[in-house]
Amino acid sequence: MSVDLKNVWYVAAMSGEVAEKPFSRTICGTPVALYRSASGALAAVHDRCPHRFVPLSMGSVKGEALVCGYHGLAFAADGACVENPQGAVTKSLTIRSFTVQERYGLIWIWMGDADLAALTPIPDFSLIDDAALRPQWGYIHSKAHFELMTDNILDLSHIEFLHAGTLGTEKIRDAKTASVVEGRTVFSHRTVDDEILTPFLDRSFETGGRPVTRTLSVRWDPPGLMLLTVAVNPAGPEQALRETYNMHFMTPETATTAHYFWVGTRRYGPDDPERDRLFRAGLENAFLTEDKPMIEAQQRSLGSAELLDLGPALFKGDAAAIQARRILDEMRRAEAAASRPAS
Amino acid sequence: MSVDLKNVWYVAAMSGEVAEKPFSRTICGTPVALYRSASGALAAVHDRCPHRFVPLSMGSVKGEALVCGYHGLAFAADGACVENPQGAVTKSLTIRSFTVQERYGLIWIWMGDADLAALTPIPDFSLIDDAALRPQWGYIHSKAHFELMTDNILDLSHIEFLHAGTLGTEKIRDAKTASVVEGRTVFSHRTVDDEILTPFLDRSFETGGRPVTRTLSVRWDPPGLMLLTVAVNPAGPEQALRETYNMHFMTPETATTAHYFWVGTRRYGPDDPERDRLFRAGLENAFLTEDKPMIEAQQRSLGSAELLDLGPALFKGDAAAIQARRILDEMRRAEAAASRPAS
Amino acid sequence: MSVDLKNVWYVAAMSGEVAEKPFSRTICGTPVALYRSASGALAAVHDRCPHRFVPLSMGSVKGEALVCGYHGLAFAADGACVENPQGAVTKSLTIRSFTVQERYGLIWIWMGDADLAALTPIPDFSLIDDAALRPQWGYIHSKAHFELMTDNILDLSHIEFLHAGTLGTEKIRDAKTASVVEGRTVFSHRTVDDEILTPFLDRSFETGGRPVTRTLSVRWDPPGLMLLTVAVNPAGPEQALRETYNMHFMTPETATTAHYFWVGTRRYGPDDPERDRLFRAGLENAFLTEDKPMIEAQQRSLGSAELLDLGPALFKGDAAAIQARRILDEMRRAEAAASRPAS
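Residue numbers (this note's numbering), protein chains in the order written: chain A, 1 to 343; chain B, 1 to 343; chain C, 1 to 343.
If you are wondering where the hints come from, they were derived from the structure by calculation, not from laboratory data. Computed from a predicted model, the values in this text were never measured in an experiment. The beta-carbon is built from N, C-alpha and C at its ideal position, and this holds for glycine as well. Keep in mind that the hints are not guaranteed to be accurate.
Said to hold, decoys possible - Far from chain A by the CB rule (all over 12 Å, computed), these chain C residues: (1) E102; (2) D113; (3) I140.
Claimed, not checked - Derived DSS-like pairs: lysine-lysine, alpha-carbon spacing no greater than 25 Å straight-line: (4) K91/C to K316/B; (5) K143/A to K91/C; (6) K292/A to K316/A; (7) K171/C to K62/A.
My request is simple: use the sequences and hints to build the entire structure.
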């Protein structure tokens, strides 16, 4: 069973999650064994031995091969069987392998046609590579469809309510908003004028209780790759612009669960680990104790139904999320059409 | 999805469970948000925002309105949207609301047609309102269809076995029994002569080890509203009649789970909180450690099948429960017929 | 619902598990109440009262009868109702009973036609009865189809990998193997020459680090009754043959779960309880921490599919397991055919 699009880049893991000990993560309904071989090469194969269908991730890496822990069949990174203590090494023992690349501290996986992977660039998240921005990382497992999670970021009007007192204020509803589609990229902008930030944000952005102009800009690329830039511009000439960059990566695990990777960075403020810790804790607290319960409750409410099939009320703030969903649906139709045999 | 009858009074909660902080309880398969507004008005609405389908109970009450915790839509007690920070306030945003009333320390809900609610009285449980009877309260969640629970009360022959040594004795099998139907009310009577009560009951009823005549009378009204009167009459002229009144209210949560509210009162004995505590503990212990495990095991044994569809053996003691089930089935048929469009 | 074959001997319990207090175990999808009556007679009946379908195992044994804990119906070992406080004792109250016998410290059950039970001997496991062999016992519940567990024992090539360092060495892959079918019995042999045992086995078999010849011989009878004889023959004239006998009994609980009973014995070594304890702990450790997680992961990977329907790669080492599966499938077909009405 394959859940959702195959010919897109998904984030499979944070770099640090994958070492020589095989690591299993289900992506789009398919269990994947991720590992690094003795030479350090990154590999991803179907986490299922063709002999007895046990997870290969329960085995171990020997040299360049992944060895099944049950009867010792060994596989190369391309899925070919390279050793079989139980019989002949044959082509029929080849398992699926997946194109992976490591970039921006993340392991990216392409669940579909490897040739297409080479033609498709990963969107630019090089901000993560700038150590001066002091990136903070997190992973959250979520019992919700990944699109409910991208909806959340693409409609930040929710921060006034769901994150009242921490990330949002009552000024949010008066924001000037716009959403723009360029190719398969959706941009969602929000400008909030004359806002006194919450105590948490005031400390974070060092605005000293002064009114600010805050802009929140989201760039979304399929399937769920997002860069949220928050710029705070306090009143008064002596103040410089402060920016944070929050990267959100949502990957479907099953039809109703998802992996959520996030990276938070900032381009201002002192070189201070305690400050980093507080910044990270503030974000994680919002994601874990406010967004996650709400979105998981939404999923339980939807059950196995698709949100749009239930006829939800739609408002202006939903525009970006709807545009993103349209792009995904179009890509799903194209992928389904391409996989049908010509008649 | 609606589980079971809609046009009946169900107990939704004990009064003390519902305050300004919204409270969610699933009734007949439908999640309901119960709350009290700033003016103290009680309200019950479908616990699902029409925008993103999150539970409104995750939001908060502001003045007279229930405000969604995700994007701030606000609803009045009648389900009308009264504020929408994300767009226009329109009729299409109206959510379902339910008729509720507070009576006998309980919150009663009508899941169907409000006009019919006005025509249907709640059965009399005014015994609860008599503080002199020292009411003791309990709520138990049960993984069983509510009819398995009403069966239990309507056939008290089980107390000889399931509550041997606490509520029942071997004399129970010799009881004179009768069941009577009046309209939609079922009465089930049981008279046990010359019974030496168990130590627990002997202490409770202050019978000093003397033989007694015990009558157990159940009044059942649809769907699962029961008054059990236990009268104990000891031998000897100096003894007065002692009565306890146990109210049992079963409400379907889903097709295989139920809410069970109970109130125990007594018309004799001293004004003694410790005595109340023991009386309450004795009842709760029987309900929780004897009835609940048995009835939940019965539900597991039935799976998704209906009891009567499996052809159970039926005895004289089952008469009242069968009569109650017939009344419910007739009401279900009538409700289903009424909801079909005329052809 | 009946899961799997009915006309075979299954192990239902270890003798010590069943006493006067009724014991419930689900066999082939059917809940069974096992108990010993006051006279010590062993009995097994359908664990479901015909009145309200509650488990009879929640009741108690009174004399020779099993009494329902809900309304007091009592049943004899043959399933006949012998007392009914609620009404007449009739034939229609008879419940299913199952043929049981106690042998080799185990309770064996026949879920099908009692006449056929009498014609079918239980395979010989009299080694268990030889107290000099110091039998060690274990029971493991497994979330896997019982055939995945019999596959495991019938293809011991896995010990090189799954039990590396404890039960297997790299010599295992060089073993001479053979499998033979005699009637409905499958034999699987494996001879490993010139093997230096692992430290655990070296201590167990007292081989003092010397090379040995190890033979592993499995006898399988339907449905999942196995005797594994391990013989270790060290080099050098002064050494005598050491043998262990491990009995494995797998019983289907549901279509994807099983009961696993095992007995380990040895024909050598001192009369030493500490040695017994270490021998037992070593086996249980392998079964619980190595076999069980692997086989349960295999079941999760298969989901509700049958292994062979998914087209697994098959090697020489799978021969015995495939032969056993063929015998079972043939028996299933015969049983299904016999249960169809003649046309």
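Could you let me know if the closest chain A CB is still more than 12 Å away from the CB of I140/C?
holds, 18 Å
Given the hint that K143/A pairs with K91/C, test it: the Cα-Cα distance must not exceed 25 Å.
Cα-Cα ~52 Å, so violated.
E102/C remote from chain A - nearest C-beta pair above 12 Å
Since the minimum Cβ distance to chain A is about 36 Å, E102/C lies beyond 12 Å and the statement holds.
Evaluate the condition: distance from the CB of D113/C to the nearest CB of chain A exceeds 12 Å.
holds, 35 Å
Restraint check for K292/A with K316/A, where alpha carbons must lie at most 25 Å apart:
holds, 24 Å
Taking only the CA atoms, is the gap from K171/C to K62/A under or equal to 25 Å?
holds, 18 Å
Mind checking the alpha carbons of K91/C and K316/B for me, to see if they're no more than 25 Å apart?
Judged against 25 Å, a Cα distance of about 17 Å means the pair holds.
The structure is inconsistent with hint 5 alone, although it conforms to all the rest.
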